[in-house]
Amino acid sequence: MKSERIGAWIALLIGASYFIIPLIATFEFSLRIKRGQYSFEAYRIVFSDPRFQATFLYSTIVAVATIVVGVMLVVPTAYWLQLRLPRLRPYVEFITLLPLVIPAIVLVFGYLRMYNSSSWLPMTANPTSTNVLLTFGYVTLALPYMYRAVDTGLRTIDVRRLTEAAQILGARWPTILFRVIFPNIRSAILSGAFLTFAIVIGEFTLASLLDRPAFGPYLQLVGANRAYEPSALAIIAFLVTWACMGLIQLFARDRTLATS
Amino acid sequence: MPAINSPPARSQARMSMAWIGIVPFAVFALLFLLLPTGFLVVGAFQDAAGNFTFTNIVHLFQPTILSAYWISFEISAASALGGALLGFMLAWAVVLGGLPKWLRPTLMTFCGVASNFAGLPLAFAFLATLGRTGLVTAFLSQAFDINIYRSGFNILSFWGLALTYLYFQIPLMVLILTPALDGLKTEWREASSILGATRRQYWTHIALPILWPSLLGTTLLLFANSFGAIATAYGLTGSSLNIVTILLYAQIRGDVLHDQNLGYALALGMILITGLSNAAYIVLRTRSERWLQ
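Just so you know, the protein sequences line up as chains Y and V, in that order.
Going by numbering that gives the first Met the number 0, the letters in the first sequence line up with residues 0 to 259, in that order.
Going by numbering that gives the first Met the number 0, the letters in the second sequence line up with residues 0 to 292, in that order.
Any given hint could be a false lead.
What the hints assert, rightly or not - These stretches of chain V come out as covered by chain Y in the derived footprint (C-beta under 8 Å, 3 or more residues):
| id | stretch |
| --- | --- |
| 1 | 26 to 36 |
| 2 | 71 to 81 |
| 3 | 93 to 104 |
| 4 | 141 to 155 |
| 5 | 161 to 169 |
| 6 | 226 to 232 |
| 7 | 244 to 251 |
To be verified - Beyond 10 Å from chain Y on every Cβ pair, some chain V residues (computed):
| id | residue |
| --- | --- |
| 8 | ASP46 |
| 9 | PRO62 |
| 10 | ASP181 |
| 11 | ARG289 |
Claimed, not checked - Label-pair restraints from in silico Cβ distances:
| id | chain 1 | residue 1 | chain 2 | residue 2 | range |
| --- | --- | --- | --- | --- | --- |
| 12 | Y | THR59 | V | LEU59 | 53 to 59 Å |
| 13 | Y | ILE44 | V | ARG198 | 52 to 58 Å |
| 14 | V | GLU189 | Y | LEU168 | 34 to 40 Å |
| 15 | V | ASN50 | Y | SER116 | 20 to 26 Å |
| 16 | V | HIS204 | Y | SER38 | 44 to 50 Å |
| 17 | Y | PRO182 | V | LYS184 | 50 to 56 Å |
| 18 | V | TRP187 | Y | LEU168 | 49 to 55 Å |
| 19 | Y | THR155 | V | LEU59 | 44 to 50 Å |
| 20 | Y | SER117 | V | ASN50 | 16 to 22 Å |
| 21 | V | LEU59 | Y | VAL67 | 54 to 60 Å |
No wet-lab data here; the hints were simulated from the structure.
For each residue, glycine too, the CB sits at the ideal point set by N, CA and C.
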């Protein structure tokens with residue numbers, strides 16, 4: 000038993016150093032911009048760069064739009080499947096898992112071929128429609144996480160009984176959805192939302208190939224041209240991811256969360 | 000209309016109306032998931048004029064493309080095996096290793112963060128760690144006089160990339176495997192030790208046979224996970240490393256192949272590989288659920 004515990008500590012030590020050393024190294028590197036002294040100059044440069052502000056804002060807006068569209072698409076679907084079409088659930092579940100199988104780069108290649116400016120639905124023809132396409136692309140990428148979070152949340156409540164109760168009291172479908180179902184699975188929706196935010200905010204492939212001024216392509220640009228600023232950006236990105244996961248933990252105490 | 004327990008005839012009629020509820024989802028999935036992918040799959044078997052042909056598939060077997068697939072395969076396999084091994088050790092340590100209780104939730108939260116910390120920022124982090132002027136590189140050369148770059152290591156190479164991918168592979172393994180390890184009942188262990196089995200016998204005859212579908216399945220998932228990745232590789236090496244995703248990226252950007260339909264075939268190959276490993280994952284997962292409920 001004793002030797003087992005020593006082994007466990009060694010495994011933990013190796014794992015922990017794999018997680019922590021790169022973070023320390025990145026942070027240390029981000030402070031080195033001035034010769035011979037540590038400073039937060041790299042962070043100051045990054046934060047005062049108008050392109051940082053613009054791209055970060057752009058990605059935040061797209062992320063919020065993705066969450067709204069994703070929630071409006073996934074919650075009614077998962078609810079309806081549980082209530083009325085339980086036989087179709089495995090098929091829908093399979094479809095929601097497909098974005099894990101189809102790499103993002105393949106997906107966006109398909110978009111570019113199907114929705115190019117000479118196609119039947121020219122979504123890449125102007126910036127606004129391309130923004131919409133980007134958002135829908137992100138909804139697709141986030142589908143496995145969003146659907147699983149919401150579906151797990153719905154399993155923890157009695158959908159049928161809640162619906163019947165609301166119907167007896169005279170509620171119509173929108174009321175049932177927005178005032179009964181949504182509040183009851185709020186923590187699950189928020190889990191899915193923050194996970195979606197973490198995925199979208201620094202995403203590179205879709206934004207870059209659809210040529211949108213998002214945070215991901217900005218990261219790439221800075222990475223290719225600067226020395227110390229990229230590590231400052233990596234620390235910032237890490238903190239954003241950390242904040243998202245922390246919020247999920249906060250809202251999903253009842254283990255309805257599906258980070259897997 | 001609260002009649003949930005309606006007679007069969009009425010529920011039949013309802014069933015047909017109930018379809019309408021998932022139409023928005025179906026349309027969305029069709030337009031932004033199934034049709035775009037299907038377009039590429041069909042295009043892989045067509046020439047530029049739209050005639051049916053196997054030429055694109057045959058063209059996949061030229062040396063540059065084959066080697067891109069092979070390097071992608073090797074990197075994914077290395078990072079999946081490494082991630083599986085280290086992730087298994089870590090998950091074992093917190094579930095069965097007798098460590099203090101508070102370590103487990105801490106590690107799980109950290110794994111949640113690290114498994115989502117990928118893409119370009121991860122590349123920057125590893126450049127700062129193991130790049131030519133990185134902290135670990137400098138530390139090794141000052142403290143132990145080991146210059147890892149002179150001994151052939153390069154963060155912009157195969158091993159550098161595999162090492163970087165481990166950062167999100169290990170946590171993913173931990174997250175998926177922990178429930179499986181939780182499913183190992185203490186009774187099995189007690190029973191085996193009462194019957195005189197050693198710890199080694201317990202692991203080789205009971206624990207591992209039960210765990211192997213989970214272990215192998217998750218390893219395949221990690222494999223698919225890194226096979227489709229691009230941003231980390233792009234951030235680390237620019238477009239210098241010849242892996243499939245970077246080749247496809249360059250093709251979409253119009254830099255290299257100048258052959259649309261060959262690009263479709265390239266995409267088809269990727270879907271096949273990630274699809275097969277995911278399908279195997281699902282099969283193995285169902286097997287493992289027999290025991291680990």
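Cross-check of the supplied hints:
For a cut-off of 8 Å, the count of residues in the stretch 26 to 36 of chain V with a CB near a CB of chain Y stands at 9, and the three-residue condition holds. Under the rule that three or more residues need a Cβ within less than 8 Å of chain Y, the assignment of the stretch 71 to 81 of chain V is violated, with 0 such residues. Beta-carbon proximity to chain Y at under 8 Å applies to 6 residues in the stretch 93 to 104 of chain V; the threshold of 3 is reached and the given coverage holds. For the stretch 141 to 155 of chain V, the assignment as covered by chain Y is violated, since 0 residues bring a beta-carbon within under 8 Å of that chain's beta-carbons and 3 are needed.
Counting residues of the stretch 161 to 169 of chain V whose beta carbon lies closer than 8 Å to any beta carbon of chain Y gives 3, which meets the minimum of three for the stated coverage. Given a C-beta distance limit of less than 8 Å, the hint that chain Y covers the stretch 226 to 232 of chain V holds, as 5 residues qualify and 3 suffice. Coverage of a stretch by a chain is defined here by at least three residues with a beta carbon nearer than 8 Å to that chain's beta carbons; for the stretch 244 to 251 of chain V and chain Y the count is 4, and the condition holds. Every CB of chain Y is more than 10 Å from the CB of ASP46(V) (nearest about 15 Å), matching its label as outside the interface.
Look at PRO62(V): its CB is around 22 Å from the nearest CB on chain Y, clear of 10 Å, so calling it non-interface holds up. Listed as a non-interface residue, ASP181(V) keeps its Cβ farther than 10 Å from every Cβ of chain Y; the least gap is roughly 12 Å. Remark: the non-interface label on ARG289(V) is consistent with the geometry, its nearest Cβ contact in chain Y lying 18 Å away (cut-off 10 Å). Restraint check, THR59(Y) to LEU59(V): a C-beta distance of roughly 40 Å breaks the suggested window 53 to 59 Å.
For ILE44(Y) and ARG198(V), the hinted distance range of 52 to 58 Å is satisfied, since their beta carbons lie about 56 Å from each other. Distance hint check for GLU189(V) and LEU168(Y): the Cβ-Cβ separation is about 53 Å, which falls outside the suggested range of 34 to 40 Å. Against the hinted window of 20 to 26 Å, the Cβ-Cβ separation of ASN50(V) and SER116(Y) comes to about 25 Å, which satisfies the hint. Taken as a hint, the range 44 to 50 Å is violated for the pair HIS204(V) and SER38(Y), whose Cβ atoms sit roughly 59 Å apart.
Look at PRO182(Y) against LYS184(V): about 38 Å separates their beta carbons, and that is not inside 50 to 56 Å. Taking 49 to 55 Å as the suggested C-beta distance range, the pair TRP187(V) and LEU168(Y) conforms, at roughly 50 Å. Taken as a hint, the range 44 to 50 Å holds for the pair THR155(Y) and LEU59(V), whose Cβ atoms sit roughly 47 Å apart. In this structure the hint that SER117(Y) and ASN50(V) lie 16 to 22 Å apart at CB holds, the actual value being about 20 Å.
In this structure the supplied range 54 to 60 Å is violated for LEU59(V) paired with VAL67(Y), their Cβ-Cβ distance being about 41 Å.
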